[in-house]
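Enquirer: Make the full structure from the sequences, and use the hints.
Residue numbers (our numbering), protein chains in the order written: chain A, 1 to 335; chain B, 336 to 855.
Keep in mind that the hints were calculated from the coordinates and are not lab data.
Note that the Cβ used here is the ideal one computed from N, Cα and C, for glycine as well.
Hints may be right or wrong, so weigh each one.
Stated by the list, open to error - In silico contact screen, one side only, chain A against chain B (beta carbon under 7 Å); selected entries:
#1 Ala196
#2 Ser204
#3 Arg209
#4 Leu210
#5 Gly212
As the list claims (entries may be wrong) - A few chain B positions that, by computed beta-carbon distances, are all more than 12 Å from chain A:
#6 Arg453
#7 Asp455
#8 Leu479
#9 Glu514
#10 Gly517
#11 Thr608
#12 Asp667
#13 Asp679
#14 Asp688
#15 Pro735
#16 Gly741
#17 His767
#18 Arg782
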Amino acid sequence: MSTPTDVGARLRQLRTAGLGDLLFVPLVLLVIVAYLGIVNEAFLTKTNLTNILLQGAVLAIVALGMTFLILAAELDLSVGAGVALVSVVAALVMRDTGSVLVGVLAGVGVGAAVGVINGLIVTKLEVPSFIATLGMLVILEGIALLLTDAAVVGRLPEGVKALTNDTFLGIRLILWLLLAVFVALYLLQSRTTFGARVFAVGGSPEAARLSGISVDRTRFFCFVIAGVAVGIAGVALTARVGSGQPGAGGVLALTSIAAIVIGGTSLYGGRGSVVRTVWGVLLISVVENGLDLEGVNVDMQRVVIGIVFIVAAGADFFRRRWRQGQRNRAVEGVA
Amino acid sequence: MNQPQGRFGIHGVTHDYSGVVVLRNVDFDLTAGRIHALVGENGSGKSTLTRLLTGALRPPRGSLHLDGEEVVLKSPADAQSRGVAVVHQDYHLFGDLTVAENVLGINESPPRRGWSRRLDKAELRRRVLEMFSNLDITIPPDLLARELGPAERKFVEIARAMFLEPRFLIFDEPTASLEPQGSASVLSLLERLREDGLGVCFVSHRLDEILRIADEVTVLRDGERIAHLPRDDLNEGTLAKLITGSDQPGATPARRDAPARTGRTVVRVTGLTVAPGSDHIAFEVAQGEIFGLTGLLGSGAAEIVRMLGGAQPLAGEIEIDGRPASIQTPRDASKLGIGFIPEDRKGAGLIPDQSVAINISLSSLPSVAVAGWLRFRQVISRALHYRSELDIKVRSVRAPTRTLSGGNQQKVMLAKWLASGATLLAIEEPTHGVDIGAKRQVHDLLREFTVNGGTIVLASTDVREVLELCDRIAIMRHGAMTEVLSASELTRAEVTLRGAGDPEALLESLVESGHPGSDA
Chain A
1 MSTPTDVGAR LRQLRTAGLG DLLFVPLVLL VIVAYLGIVN EAFLTKTNLT
51 NILLQGAVLA IVALGMTFLI LAAELDLSVG AGVALVSVVA ALVMRDTGSV
101 LVGVLAGVGV GAAVGVINGL IVTKLEVPSF IATLGMLVIL EGIALLLTDA
151 AVVGRLPEGV KALTNDTFLG IRLILWLLLA VFVALYLLQS RTTFGARVFA
201 VGGSPEAARL SGISVDRTRF FCFVIAGVAV GIAGVALTAR VGSGQPGAGG
251 VLALTSIAAI VIGGTSLYGG RGSVVRTVWG VLLISVVENG LDLEGVNVDM
301 QRVVIGIVFI VAAGADFFRR RWRQGQRNRA VEGVA
Chain B
336 MNQPQGRFGI HGVTHDYSGV VVLRNVDFDL TAGRIHALVG ENGSGKSTLT
386 RLLTGALRPP RGSLHLDGEE VVLKSPADAQ SRGVAVVHQD YHLFGDLTVA
436 ENVLGINESP PRRGWSRRLD KAELRRRVLE MFSNLDITIP PDLLARELGP
486 AERKFVEIAR AMFLEPRFLI FDEPTASLEP QGSASVLSLL ERLREDGLGV
536 CFVSHRLDEI LRIADEVTVL RDGERIAHLP RDDLNEGTLA KLITGSDQPG
586 ATPARRDAPA RTGRTVVRVT GLTVAPGSDH IAFEVAQGEI FGLTGLLGSG
636 AAEIVRMLGG AQPLAGEIEI DGRPASIQTP RDASKLGIGF IPEDRKGAGL
686 IPDQSVAINI SLSSLPSVAV AGWLRFRQVI SRALHYRSEL DIKVRSVRAP
736 TRTLSGGNQQ KVMLAKWLAS GATLLAIEEP THGVDIGAKR QVHDLLREFT
786 VNGGTIVLAS TDVREVLELC DRIAIMRHGA MTEVLSASEL TRAEVTLRGA
836 GDPEALLESL VESGHPGSDA
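Expert: Structure follows, in structure tokens:
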């Protein structure tokens with residue numbers, strides 16, 4: 001259906017506005033991977049690469065869900081605590097019922113419920129999402145510790161490990177799950193009216209409202225999506241470690257926001273993509289893994305991740321400046 | 336005139352934004368003790384030129400000269416340190432700071448006191464008062480900026496620029512949002528600055544003001560300098576002709592050859608109040624009609640249109656097609672077939688980062704989707720349809736709307752509501768900040784909309800626009816509808832306009848005393 005001029009226009013547009021922008025993070029990732037592959041022979045092995053993906057899966061699922069919130073110019077600081085609570089609830093239910101399936105459903109249900117509550121607090125009580133979800137973070141952490149007396153929930157049914165250990169077509173089930181989450185959210189983002197509304201609400205809430213879009217409803221569903229993602233991620237975590245982890249939250253919320261921003265999605269909303277989030281997550285996971293292999297201790301890793309975050313955001317800034325300068329020079333050539 | 340001292344200017348400047356040339360080989364000079372007016376339609380390159388003069392942009396080609404020597408302005412701060420300051424069109428005051436503190440602004444050497452080098456507020460106040468008295472400004476320096484009226488704010492902005500002790504001062508449409516009285520006092524201040532020996536650049540759309548105070552006039556059109564003439568060689572007619580490049584500025588065929596109308600009442604409003612405690616307003620609009628509300632800024636005309644569009648809850652009773660309705664939100668309005676087009680295109684009318692195509696379908700996403708799944712072909716083909724129908728100038732309908740000019744953005748908003756099948760448009764300032772060519776096109780499109788059976792209620796502070804476009808005009812004053820003029824009376828009003836040549840004065844006379852030919 002695309003006419004030649006249409007395609008031409010699209011290409012020109014990509015060239016001027018997007019191609020460098022789109023490929024920047026993947027290129028950086030490629031450079032890091034190449035470097036690690038050269039300096040450490042253990043890096044480019046199948047076991048290690050699988051490991052990176054397995055360890056990055058929880059972060060990836062959470063960050064993919066949260067991308068919708070960031071696109072809508074909201075955020076959710078409670079996702080880390082949410083993952084911990086989901087993990088605990090799923091583990092307790094599995095232990096007490098002996099059924100993995102019931103535990104999984106309970107876990108995802110808890111995640112979704114937290115998303116619903118967050119969404120209601122933000123849209124109905126009009127509490128800014130930063131405050132609302134910060135409060136929720138503390139609450140969820142408290143509940144997770146209360147439920148378990150701060151102890152890891154063990155003695156789960158054998159089947160729980162299936163998600164990480166079993167494979168389909170040679171690929172672990174958890175990675176299939178990750179792929180499914182990505183595809184679903186990608187389609188939701190770019191092929192549905194809801195996705196269009198999310199970009200509109202994040203890009204200009206007033207213009208969206210005046211166009212007859214229900215801004216609150218759109219924001220609410222973004223919270224629910226993030227919540228469901230938290231539910232899935234919590235279950236995935238439980239399956240990977242084989243136990244319920246009340247202390248799993250940590251800085252997951254901040255790491256996901258970092259991954260989203262490193263990928264190139266705007267914190268101000270309205271611009272970005274779940275695809276970019278995948279690149280951001282991979283970058284963080286690869287760097288973490290590389291540091292692991294080099295024997296850098298965990299606390300030092302945090303310092304490095306922080307630096308990567310700032311450098312990525314800063315590099316973006318300098319890239320824009322450079323492009324602007326280049327454009328000005330190009331003008332001189334034309335004139 | 337060629338003595339280098341006391342001159343600041345830009346020569347042979349060419350500039351473009353991502354390939355679109357906005358200035359081509361333009362010269363512009365300021366001389367101490369003279370007012371140089373810069374005019375042109377929107378998109379003619381005026382704002383780019385002022386940004387180059389103030390160091391906000393650097394010219395890729397061309398050079399700046401100060402007192403005969405070539406200079407490079409690295410930033411607005413650099414320009415200020417060399418004695419070039421600017422008063423922007425929009426307001427940049429800190430509402431919670433006092434007038435004196437706002438005048439101080441970001442000044443790098445404020446009066447300080449004591450070992451802690453804290454701000455010497457008494458000294459600051461004294462210096463501000465001294466400057467105010469020099470400039471004949473009578474605003475108490477301790478007032479908070481948010482307590483000021485528009486003209487007073489403009490004075491504070493001017494004072495802030497003067498605090499930098501500039502030799503050249505650039506005014507970007509200083510009277511754009513002021514009422515006639517405020518404009519007059521700003522203009523006298525400009526004249527006073529000229530007497531003090533400043534070189535003043537005066538950017539304006541208002542021809543009468545330019546002819547009143549300018550010493551010389553530069554006209555830009557499509558990025559080129561069309562003319563640079565002394566004031567005495569110009570009158571309103573010749574100037575308008577230079578600006579638009581056509582013989583009949585704003586001459587549009589009257590719309591009295593109106594469509595066949597059913598005369599059916601589409602909107603009936605009763606007991607509407609624009610603000611708590613205001614007069615009760617009632618009016619009716621017939622199908623196919625363009626009903627215009629006009630008045631000075633803050634008259635309540637915009638509020639009525641915003642209420643019809645649901646942008647703010649409608650305070651009063653409304654019947655649409657004879658059925659009582661409630662309009663509390665834009666969604667309510669859009670379900671009733673009412674489309675609202677706000678004045679603030681970038682902030683409230685469009686999603687700037689999203690494509691033209693998505694923006695056009697934004698109000699009617701379900702109609703280009705099946706069970707929530709977007710049909711992109713439909714989104715694109717519909718956008719292409721409206722692109723050619725409304726002559727929206729954009730290379731690709733996938734381009735983000737922020738890259739479009741004001742007139743084209745206006746057309747995208749119109750397309751959005753046409754696409755959603757709206758039958759009634761509530762429009763706030765239909766052509767605010769749109770150049771004359773695009774303005775005419777937008778007017779034609781609105782007429783076409785009514786010919787096809789649509790109905791329009793609009794609010795505009797541009798009297799000329801209202802006179803040209805509307806079938807009936809309601810004059811608003813302090814939240815009350817003082818009178819409604821029909822088309823036949825308008826013809827008389829137009830005659831008055833031609834005679835007086837000053838639409839603002841006409842509006843004022845209508846608002847103040849009532850039009851002689853009006854019905855009760």
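Enquirer: Of all the hints given earlier, name the ones this structure violates by number, lowest first.
Expert: Hint check: 12, 13, 14 and 15 fail, others pass.
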